[in-house]
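Assemble chains W, V and D onto chain Y, guided by the hints.
Residue numbers (this note's numbering), protein chains in the order written: chain Y, 615 to 911; chain W, 615 to 911; chain V, 615 to 911; chain D, 615 to 911.
Just so you know, the hints here were simulated from the structure itself, not pulled from any lab data. Don't take each hint at face value.
If several chains are the same, the list does not tell them apart, and a pair holds so long as it fits within one copy or across any two.
Claimed, not checked - Using 30 Å as the maximum straight-line C-alpha spacing, the simulated DSSO-like pairs for lysine-lysine come out as follows:
| id | residue 1 | residue 2 |
| --- | --- | --- |
| 1 | K843 | K861 |
| 2 | K798 | K843 |
| 3 | K798 | K861 |
4 protein chains.
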Amino acid sequence: MSFFGVLPYLVSPVAADGTVLVGVLDDLVQHLIGCGVHGLVPLGSTGEFAYLDDRQKRAVVDAVIAAARGRVPVLAGVAATSTAAAVAQTESMVEAGADGILAVLEAYFPVSDEGVEAYFTAIAAAARGREVVLYTNPNFQRSDLSLAVIERLSRVPNIVGIKDASANTGRLLSILARTEGRLKLFAASAHIPACVMLIGGAGWMAGPACLVPRRSVALYEAAARGDWKQAMALQRPLWRVNEIFAKYALAACIKTGLAVQGFAVGDPIPPQRPLAEAARQEIRAVLASLGAEGRGG
Amino acid sequence: MSFFGVLPYLVSPVAADGTVLVGVLDDLVQHLIGCGVHGLVPLGSTGEFAYLDDRQKRAVVDAVIAAARGRVPVLAGVAATSTAAAVAQTESMVEAGADGILAVLEAYFPVSDEGVEAYFTAIAAAARGREVVLYTNPNFQRSDLSLAVIERLSRVPNIVGIKDASANTGRLLSILARTEGRLKLFAASAHIPACVMLIGGAGWMAGPACLVPRRSVALYEAAARGDWKQAMALQRPLWRVNEIFAKYALAACIKTGLAVQGFAVGDPIPPQRPLAEAARQEIRAVLASLGAEGRGG
Amino acid sequence: MSFFGVLPYLVSPVAADGTVLVGVLDDLVQHLIGCGVHGLVPLGSTGEFAYLDDRQKRAVVDAVIAAARGRVPVLAGVAATSTAAAVAQTESMVEAGADGILAVLEAYFPVSDEGVEAYFTAIAAAARGREVVLYTNPNFQRSDLSLAVIERLSRVPNIVGIKDASANTGRLLSILARTEGRLKLFAASAHIPACVMLIGGAGWMAGPACLVPRRSVALYEAAARGDWKQAMALQRPLWRVNEIFAKYALAACIKTGLAVQGFAVGDPIPPQRPLAEAARQEIRAVLASLGAEGRGG
Amino acid sequence: MSFFGVLPYLVSPVAADGTVLVGVLDDLVQHLIGCGVHGLVPLGSTGEFAYLDDRQKRAVVDAVIAAARGRVPVLAGVAATSTAAAVAQTESMVEAGADGILAVLEAYFPVSDEGVEAYFTAIAAAARGREVVLYTNPNFQRSDLSLAVIERLSRVPNIVGIKDASANTGRLLSILARTEGRLKLFAASAHIPACVMLIGGAGWMAGPACLVPRRSVALYEAAARGDWKQAMALQRPLWRVNEIFAKYALAACIKTGLAVQGFAVGDPIPPQRPLAEAARQEIRAVLASLGAEGRGG
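Isolated chain Y (complex conformation) (with noise of 0.2 Å):
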C-alpha cells in the first residue's frame, strides 16, 4: 500500500490504569474511515508516543489495524533514542501487521550526522520491505534531520517519504529539490497544507485532521485536482483548528476536541493536565464556528 492524502494522527485513548480503549479507538477509526481519509497513523506527536510503553504501543497499533481491516493503510510511529530500541519496536511493528513505519529520532545527547543516518537506516533494514517515512520535528525533539542526511537516506530503497514539522515551508521545498522525487513529502500542522500541496507536496500527517476530516479530505481533493481556489476558500477557516493546536499541547487539545465531538478518548496522559475550561471553551468555539462540534466537521 502507498501513502498520501489526508493521514489523521491518531489520539491514544488510555484509562488511568494504562489499559488501552481498544472500543474508542474502534469508534474513531470507523469514523475517519467513514469520512475518507486516506490512512491512518498511531504513535504520532498527537499519539502522545513519548508518554507509552512498549506494550501499550503495541495494543495501539493492533487495536488500529483491526478497526482499519485493510481499507485504508496504517503507518505506525516507532520512537526511541537508541538504535536499539527503535529496532525493537520496528519489528513488532511489522509483526502487528502495520503497512509502513513512521520514524522518529528522539535524542538525549547531540547525535553527529552519520549517527542519525545509521538510525534511520537500521529502522529501514528492519522494517523489512515496507515503506518507511521520516519525521522530524525540531521543536520537541532535541534533534534535526539535515539537508545532507535526508538526501543520504532518500537513497534508501523503503525510506519513501518525509514529514518535517519545522514551521518553516521553505525548508519543504529544499528537501523537494534536494531528494528530485524520491522522497513524497508531507505537511505538519504547523504547515498551510495548501501551500505544501502547491509546492508538490504528497498530503498531511497531522493531528487537526481527527477533528475536521471531510473538509481535510474536500481540501486535499481540490488541491490534488488544481482548483487552488477552492483549496483556499476550504483552507481558510480550516486554518483555525491548526491555530488552537499551536496554541495548546497537541494530544490535549486534540483530545479534548474528540470528546467535544463524542468520543469518550479521556485526558492526556499525566504528568500532562487535561486543559483548563478556558482552553476547552475555545476549542469548542473554533469547532462550532466551522459546524464540527459534532461528528460532521
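Below, chains W, V and D without anything else, positioned relative to chain Y:
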C-alpha cells in the same frame, strides 16, 4: 502611490571612506525599473541599515528617489531603538520625498506590547499620511510583533502593510485572518513567494529580487493571474537564490551577486567581511544555473 | 544514609548485544571508593539513562549496589516522561536497595508547574522514605523546574536535595535563598565546584569525578574546611576536565577517559558514536596534564 | 589610572525632550564616590547606550567626568554595529577625557571571528593608550566573543580587561585560564560577585551597585582580603538586588530604585515604559529589606 508586487531590497553601496556611491545606485535602479519591478526599498536589512549613520541613510534614499524619477514608489526603511530616533528618521525620509516608510523596531531591552504599539504609532504619525509597512524579523531583531499588536496597529489608517520575516508561513495566514483585509502582506526572502501569493499576499520585499528581477516579476504576474502551474515552474529554480541568501550573510551575498552582474556595489560595511572565495563561487554557480550571471536574470 | 561530597555520575558499560558489563562496573566502583568518593550515582546523564531499557537500568543499579557493599550510599537515577513509568522505575530501584533516588523529568510536550510538581511528588511517595534529589538540566531536557515549583517541592519531607545543571550559578544562590535550608544543593559539571561550595553547596554530582576522584575529594575537603586558597589551587587545573566534558558528548567523553585509565567501559550506546581520534587525543592530553592518565587522578 | 573593585553602571537621566540631566548625574556621582566606589561606568547597558544618540552619549560622559573630578577613573561605554562608528565614538570619549573605554559590539548580521577581532582592535587603536575593557552580553547583543578571539585580543597591549555577562560563571574561569593574567576579569550582574572574586576576578561592573554602593564596597573589601565568610554574609542579602534586576528591564529597574532613594533620574527612554506599580513595590521592598530605601545602602 500604492505598494504591491516585487519590491527589491536595495543594497547600500558605500566607499571605504563612508561616501555613498550615488552613481552605482543610479545604475542599479535604472536596471531594476527596466526589468519591471513594482517598487524599490532602500534601507531594508539587505541595505545594511544597521551599519549606516543618519547622513548616509539620507544620502541613499535621496539617490534612489532621484534615480527612480517617480516611475515606481520608493519605500524607505526607518529603524531605531528609541522612539525619538525613529520619528526623526521618518521626518527626514518624508522630507526626502519617500512614498512610504518601512518601519523596524530595533529593540535592545525587551519591549512590552504597549511599547511596541507606541513606537510604530509614533512613526505612522510622523509619516504624515505616507503609507507605512511594518517589518518584523525575529532572526535579527530583538523583538517581534505579537498578533495582538499587529491587529491593533492594522487599525491605524496609514499603516497599510506588513512584511514578516519569521520563515513561518502559517503565521502569515494567521495575520491575514486577524487583520481582515486591513493589511497587505509581503513575503520576505525566508518565505516561498508563490505560497505567500496563494494565501493572499500582495507581493514580496527581499534582497534576492535584486539579482533576478525579470524572473521575479514573471513569477508575480503568473501568481497574480492565478496561473499556479506556471508560478511554480518559475518558483522552483528561483528558490535557489533564496537558499544561498539564507546560507550567507544577506548583504554580503547580494553585494557579491550584483558584483558578478557588473554592478560596482563594493564590499559589505566593516566589521562585516567580504565573502570567501568558495561562497562567491557558489553564488556565481547559482546565478549561472538561472542564466543570471549577467543582467538578464 | 545521607548524601554529600563528591558523588561521581557513573557510566553504564554495555556490550554490543545490550548486556551490562557487571565486572567492569565492579572494577570502577572499587576504584572510586578506594579514592574516597562519598557516594555513587548510576543512571545520571553520563550513565546514558536515556539509552537504556528498564531491565538494563536495573542491572546497572544492582551491579553498583553489590559492588559498593554499603560503604557509600548509592543514589539511583529515575527518568521518564510519564508519571506511571517514573513510579514503576522508583519502585524497582527501592526494591534493588538504592539508598536514594535522583529524579528527572523527561518532558516531550511542555508541562505545567502543577504537572511538574505532581510528577516529582509521585516519585517521592514511591520512594517510601528514601531520600530524593531533584535533577534539572535545561540543556538536555525539555522542561525546567521553576523556582516556585522547587520551593513547593522542598516541603516534601523526603525531597532533600537538588542538582541543577543550568550553568547559571546565580540561580543556585536563588534556590538556596528560596528553600531556606530545606534542600541540599549539588553542583553539576557546568558549575565550578569551589564556587558552589562557597555559596553553601553540599557537594557535586558529575561525570568528571569518575576521572579525577582523588583530586575531587581533596578539593571538597579543602572547601569544607574553609581553606579557599587551597580549594582554588586544586580547582584551577581540574576545570580542564569540565571543559572537555562540555566540549564533547558527555557519556562518550567519560567513557573515553576511563578507557585511557584502563577501564573497559566500551563505546557510547548507538546511535551515539565513539569520539574521533582528535577528541581522544585531547582528552588524553588533559588527563596527562593532571597526572591522571592512569588511576592516580 | 587602573580599573578594579566596584564600578557601578550609571543610568542616563534624560528629560522628555532628550536633554541630559547634568545636575542629576552630578548628584548621583557625588553620592557614589562618597560611598567609596572604585570607578564609574557611564554608557553600559544600564546606561541605555542603545537609546542615546552620539550627542547625548557625549553629554553623559562629559557630566560624569566633570562630577568625578579625577577622584575615581571613568570608563566610558562605546557600542556600535559598524567599525567606523565605534572608532568615532572612541575618539569622542578620549577627547572628553575618559580614562578608559568599555567596548561593545552591537552586531546585526552574524560577524566572523576575524570581523570581531578587527572591530575591537580598531577601538583599541583609537583609544590611544587608554585602557580598553571588552564587554560581551549574549543576552542582549547578537554576537558573542569566542574564547579564541578573547585570547587573541588579550595580546593587544591596551586591552586589559573583560566583562562577560553570560551568567555562565564557568566560562569566566575558562577565560582566566586562557588569558593567563593578561586580562582582568569583571563580574556582570548575572554573576555572584563573591564567586567571581574567588576565582580571581578584579571586581564587578553592574547596575545594582548604583543602589547598594556601600555594601558592595564592603563585599569587595572582604573578598579582597580573603575573608570569604564575611564576603558571603554580605553577599546573600545583596543577591536580592541582582534577582530583581534580572526580573525587570535593567535600566527601568535601576532608575526606579534610584528614584526611591531620591535621585530624580526619570523614566527609561521610550519605547521602554516605566515599570508597573507592582514592580515598583517589589523593588522598594527589596531595598527596604537591605535598609537601602534611602541613601544608606
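Cross-check of the supplied hints:
1. Proximity of K843 and K861 under a CA criterion of 30 Å is satisfied intra-copy only: 28 Å inside one chain copy versus 34 Å between copies.
2. When the C-alpha separation of K798 and K843 is checked against a cutoff of 30 Å, the pair qualifies both within a copy, at 24 Å, and between copies, at 19 Å.
3. Taking the shortest Cα distances, K798 and K861 sit within 30 Å of each other both inside one copy (28 Å) and across copies (25 Å).
When each numbered hint is compared with the structure, no violation occurs for any of them.
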